[in-house]
Amino acid sequence: DCCTIVDHISGATNYFFSPTKVAEWFYDSISIVLSEIQKKPQRGMPKVEKVEKNGTVISIILGVGSSRMLYDIVPVVSFKGWPAVAQSWLMENHFWDGKITEEEVISGFYLVPACSFKGKKDNEWRLSFARSEVQLKKCISSSLMQAYQACKAIIIKLLSRPKAISPYHLRSMMLWACDRLPANYLAQEDYAAHFLLGLIDDLQHCLV
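Take the sequence shown: its position 69, counting from 1, is numbered 69 in UniProt numbering, and each next residue is one higher.
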């Protein structure tokens with residue numbers, strides 16, 4: 001059962017598809033599969049080094065020889081189309097206008113098991129436009145992508161994956177910067193260092 005029950009003030013009973021219960025079910029299912037893999041290891045297949053649950057995220061470390069690979073897995077609910085609540089965003093001017101079609105951008109979205117800081121984690125989901133972001137990245141210059149990857153490395157490696165900042169926040173800032181800054185400035189191929197400093201500055205403004 002992946003639903004929570006909440007009594008309404010009118011006396012009616014409301015059922016919510018619970019993100020935390022879905023995440024628990026997903027973790028149990030993944031654990032069973034990985035346990036079977038560990039019982040019957042096959043030559044050449046990655047070895048499961050560690051499985052850890054962080055909230056609704058499952059972190060899996062796989063080992064191949066001396067190499068280690070980290071995978072963060074999140075259960076999602078997938079939808080086609082575009083949510084009505086985000087319809088007004090399509091009416092605005094964007095950096096990708098004329099580069100890709102609107103149909104490519106609005107191909108689908110997800111519900112992910114994460115709520116706002118003061119939200120009800122057992123009942124609330126968050127909209128994710130990761131599928132659209134894959135298309136939007138086609139319109140971002142290589143120098144800005146280099147700056148993004150460098151900034152992400154600073155967050156993950158030097159700051160040891162802080163909870164207050166994640167690649168999700170950084171990716172959102174980069175996309176907002178693309179809409180905010182002139183296209184000819186963003187197209188500069190030798191401006192990776194400038195873009196990196198700009199992302200760090202934007203990050204500072206968001207945190208302070």
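Do not rely on the hints blindly, as some may be mistaken.
Unchecked claim - Calculated cross-link-like contacts (lysine-lysine; reagent style BS3-like; alpha-carbon spacing at most 30 Å): (1) K53 with K99; (2) K50 with K121; (3) K138 with K21.
Said to hold, decoys possible - Computed spacing ranges between beta-carbons, pair by pair: (4) F117 with Y71: 41 to 51 Å; (5) E124 with H169: 44 to 54 Å; (6) F117 with P167: 17 to 27 Å; (7) N93 with V208: 53 to 63 Å; (8) K40 with S66: 47 to 57 Å; (9) S35 with N14: 32 to 42 Å; (10) K47 with Y185: 43 to 53 Å; (11) V33 with N54: 16 to 26 Å; (12) P167 with E124: 17 to 27 Å.
No lab work stands behind these hints: they were computed from the structure.
Glycine is no exception: its CB is placed at the ideal position from the N, C-alpha and C atoms.
Status of the hints after comparison with the structure:
1. With a C-alpha separation of about 40 Å, the suggested pairing of K53 with K99 is violated against the 30 Å cut-off.
2. For the hint pairing K50 with K121, the CA-to-CA distance comes to about 26 Å; that is within 30 Å, so the pair holds.
3. Taking the CA atoms of K138 and K21, the gap is about 36 Å. The hint is violated against a cut of 30 Å.
4. A hinted range of 41 to 51 Å for the beta carbons of F117 and Y71 is inconsistent with their spacing of about 26 Å.
5. At about 18 Å, the beta-carbon gap between E124 and H169 misses the expected band of 44 to 54 Å.
6. The hinted window of 17 to 27 Å between F117 and P167 holds, with their beta carbons roughly 18 Å apart.
7. For the hinted restraint 53 to 63 Å between N93 and V208, the CB-CB distance of approximately 29 Å leaves it violated.
8. Between K40 and S66 the beta carbon distance is about 23 Å. The supplied range of 47 to 57 Å is therefore violated.
9. Remark: the range hint 32 to 42 Å for S35 to N14 is upheld by a beta-carbon distance near 36 Å.
10. At roughly 47 Å, the beta carbons of K47 and Y185 sit within the given window of 43 to 53 Å.
11. As the Cβ distance of V33 to N54 is approximately 19 Å, the hint placing it in 16 to 26 Å holds.
12. At roughly 22 Å, the beta-carbon separation of P167 and E124 lies within the given 17 to 27 Å, and the hint holds.
When the structure is compared with the earlier hints, violations turn up for hints 1, 3, 4, 5, 7, 8 and for no others.
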